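Chemist: Going down the list, the sequences are from chains A and B.
So the first sequence is numbered by the UniProt record's numbering: it starts at 1 and just counts up by one.
So the second sequence is numbered by the UniProt record's numbering: it starts at 1 and just counts up by one.
Careful, some of the hints might be misleading.
Remember, identical chains collapse to one label, so a pair may be satisfied in a single copy or spanning two.
Restricting the straight-line Cα-Cα distance to at most 20 Å, the calculated cross-link-like pairs of lysine to aspartate or glutamate (DMTMM-like) are [to be verified]:
no.: 1; residue 1: K422; residue 2: D490
no.: 2; residue 1: K43; residue 2: D412
no.: 3; residue 1: K269; residue 2: D490
no.: 4; residue 1: K167; residue 2: E42
no.: 5; residue 1: K167; residue 2: D28
no.: 6; residue 1: K365; residue 2: E293
no.: 7; residue 1: K148; residue 2: E486
Think of the hints as simulated: they come from the structure by calculation, not from any bench.
Please read all numbers here as calculations on a predicted model, not as lab measurements.
Number of protein chains: 2
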Amino acid sequence: MGKWDVLAVVFLAMMVMLIAEAAVVKYDWTVDYITASPDCVEKLVLSVNNQFPSPTIHAMEGDTLVVRVTNAIPTEGVVFHWHGIHQTTTPFFDGAAYVSQCPINPGETFTYRFTVERAGTYFYHGHFGMQRAGGLFGSLIVSISLHKEPFAYDGEHSIILTDWWHKSIYEQQLGLTSIPFRFVGEPQSLLIQGRGSYNCTGLAGVAPGSLNCIVCNSTNPLCAPHVLPVMPGKTYRLRIASVASLSSLNFILEGHTLTVVQADGRYVKPFQVDNLNVYSGQSYDVLFTTNKEPSRNFWAAVNVRGRKMSTPTGLAILQYLPNPATLVPLTPTPVSPAWNDTAASVAQAKMILAKFGYEQAPPLKPDRTVTILGTQNMVDGHIKWALNNISHVARPTPVLAALKYNIRGAFDSEPPPDFPIKDYDVFAPPPTNYRNATSGSPVYVFTKDSVVDIIVQNANTLTPNNSEIHPWHLHGHDFWILGYGEGQFDPEKDPAFFNLVDPPVRNTVAVFPYGWVVIRFIANNPGAWPFHCHIEPHFHMGMGTVFAEGIEHIPELPTQTLGCGLTKRLMRL
Amino acid sequence: MGKWDVLAVVFLAMMVMLIAEAAVVKYDWTVDYITASPDCVEKLVLSVNNQFPSPTIHAMEGDTLVVRVTNAIPTEGVVFHWHGIHQTTTPFFDGAAYVSQCPINPGETFTYRFTVERAGTYFYHGHFGMQRAGGLFGSLIVSISLHKEPFAYDGEHSIILTDWWHKSIYEQQLGLTSIPFRFVGEPQSLLIQGRGSYNCTGLAGVAPGSLNCIVCNSTNPLCAPHVLPVMPGKTYRLRIASVASLSSLNFILEGHTLTVVQADGRYVKPFQVDNLNVYSGQSYDVLFTTNKEPSRNFWAAVNVRGRKMSTPTGLAILQYLPNPATLVPLTPTPVSPAWNDTAASVAQAKMILAKFGYEQAPPLKPDRTVTILGTQNMVDGHIKWALNNISHVARPTPVLAALKYNIRGAFDSEPPPDFPIKDYDVFAPPPTNYRNATSGSPVYVFTKDSVVDIIVQNANTLTPNNSEIHPWHLHGHDFWILGYGEGQFDPEKDPAFFNLVDPPVRNTVAVFPYGWVVIRFIANNPGAWPFHCHIEPHFHMGMGTVFAEGIEHIPELPTQTLGCGLTKRLMRL
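Just chain A, same shape as in the assembly (with noise of 0.2 Å):
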């Protein structure tokens, strides 16, 4: 049996399994550091079960997932985020430190217990201080049944991408935060299913991540790219997501267009590029046939946009079966769009819409608007981020306790400002009396089954004549996108051009340089969830806030996400 039919029974094997009814699906995890190196440099990694990327995991929608967390790190804690997963009537296990729930501290196993609601390419990574840049994060694919996609295709791979740096994630921290501040620079390599190729073992003269350096690295068992095996003239279905630290990545598969028909597990209307902005905490399904020469290999590559590039493109290899995987791509490595190009990005963005039939179309009406004004700023002589003027900091109380159990001091009762966006100008750096920010902890409390919109503003930062994408994201929720735009929202005029109609539903957005997005969703998760800048520097140097919503309605807590801050008042000695 050759390689191919191994993988074309592996395939139908995967049928049969999405045929089964909706089940338990248990894991048994340890998370610990481990040494590998995933671009040929060794360094310590986040691991689960010794392995990086952590495990993917696989199963059908409807199935209940158990996943048993032993912490095996020697002093710090973890929890894991399950990105794109509501966690209806499960917000304890949302895994957002100090949000859902308290650390999973050394030595201590917790359990996660909760229902994949809906098909789809979704991802899970570490939220706590920088881990998932540390390395914790792997897929998380919910499937359905062949028969019920409304597309066809005869195989699937799924890849998981992210920026890399040889810096350890507690450096980078340090710096972010440090007077004078010391930011975390451009990544050393990309990594595509964790295989990059910054150190060209045994070549001299070559140079970190060129083609000679993949070539030299191709045989390399610790970081040899990672292969996508197919067979010539059929139809695959690639499932791209990001957990980029900083970067914006944009994917092409050489020669190879790509038709996107799901966006964070949402469909929709079919459209096809040929290449693809993937921004951190985002991701697409993509179909493609492989209808290319046959007697070579192809390249899936990622570059950097948005910042000016000076990390090498980042490599795997499509492999035409049967040819070897190591037959590399004599080819050049794909370039993107400039990294400066906004308007091909914002072009991009507006090309995808819900697909019609698949997805409800949202409340024509907002109950409440809240704009957030995302801005650089100044602390204390620290560098942040911040919504409003507000820099956010976690307590150690998760808000969610102190939600359900009425414990007060955990997070601000002050609600958040509502900013005078009028009087701001988004193509200047603050101006005095904005440019210093206060740090807090203010939540967002919606009332239940209301229908909320954010606008989200950006603007230029600290520094003239720069502004910066800022890919937002909601746990808990996804969120319909109304429009966006470039300068300041006029709420009088920008309203009028919303898309009522076919708005593509995601739980990640990007926002782009000096433009603003208007996002809606319906406040029916009662919980408390994250809303935040996925690019960990920013997130790290305070660029989020809470949602709360249906706070009467909150289960009880599982006393294991309890036991920090606050919290430990809950105990009865």
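Go by the hints and put chain B onto chain A.
Modeler: What follows is chain B alone, placed relative to chain A:
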């Protein structure tokens, strides 16, 4: 006013302080990483209030110390152990993670409050994972009025010694628990009061740690050697403590005889040495007279003994005022006795006797005798250290809480095994039937006020012809050292030679290669007290256990010490 006048005024002021009443002494600490260059090589270092070493605590005998600790590390827990302080009635403030308390989570504030009952030279340090080796330590000086001391002096200094690695403790910890085992290796440098000299900034061809390297670095504000200013013709008290991670240290004050007057804060019969062995976890108070050539300065030096020295001498400057501190001695760096001259080490240890009239003699008989054989073993393919073939693993529930609130499953309820030591050949690697140990967390329970003897028996490691020094430290107690011996302890013959008249009283005792030591203590301090080898890698590899006593007298525990592991069961929602 000259420098020496300032010094005299400071010393007078200190004496005035010492005459004051017992007081409440408050400290407000924030723990976080800093970037520091203790030996001129930059790395992340654990710090209190951005200081390394952490601040020196000054208090008077009988004072109450209140130390409010805020953990600002993003993802790591911390605790502080007050080494040598007995914590009578406050066993929950002993600061041993998972024995006396839960780790202080990131963002939490924890307040230690305890009495320092006895004057002496103590210290404090992190007691979670290998955070002490990561730099989390400082001095704790408890004074009494000078006229109450049985010796006189004109001024005093305090230094804390350690060995230093450039690898992070994360990497060190991972290597120690990996297959294959990766040892931490010999330290890169030795630090006196947080200063060493590895990197010779600006001088080509100068060996790390060499005399020229020190000269070169002597004006570098980041890593200039520590300076001990003295006036000629005076007598000084020097407080010396070692928090070394691995190394047995030997201290020399060039050209000056040291008169040892205290060990671990307890009075000893004064004796004179030219060099002083200080094992990790021990402190000594020595007197010296500044009667040497006053036109020059002298070396304060520390060398490794007990392991073949590959680390350069650690150096500080004994500054004879008014010479400038930068007047580096041109004399060779002091040389310590041969690293493997165990006889010299034992002989010096045997010079230490309690000062007549200042320490009580021990009870003549024990109520219970426990034999502990410390060996190097294999557990599931990992190299470990074990006590009676059980390698200690910390479980995530504080033993003290489990005992107080009768929480089952927190530790192994089976008592530790009595080991058939008569059958064991301490001069050979573990035989087949003892080579493999098991992991566990048994607790020794002693009857309140009973007299306990512990026979600590050393043996050959897994490597033929190799046995190591282990400094054993007991929390919550000082103990009498009744005797040292070589080879296998003979319960029939050896007790006849016990010193029951003036044995030294200490909290840490070195057990020499292939040797044994017998200690006696009274189990009169209700609580749970770690008894462990003070070498960080050894303890991390399982060389420790817990002694519990007077369980029924353990006071109610502050809720701030709880919340982790099975103490979550104490939640009443």
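Chemist: Each hint needs a verdict: does it hold in this structure or not?
Modeler: Against the structure, the hints:
no. : hint         : result
1   : K422 to D490 : within (8 Å within a copy, 88 Å between copies)
2   : K43 to D412  : neither (39 Å within a copy, 36 Å between copies)
3   : K269 to D490 : neither (29 Å within a copy, 85 Å between copies)
4   : K167 to E42  : both (11 Å within a copy, 13 Å between copies)
5   : K167 to D28  : neither (30 Å within a copy, 31 Å between copies)
6   : K365 to E293 : neither (52 Å within a copy, 90 Å between copies)
7   : K148 to E486 : neither (39 Å within a copy, 78 Å between copies)
Figure legend: structure checked against the earlier numbered hints; hints not met, in rising order: 2, 3, 5, 6, 7.
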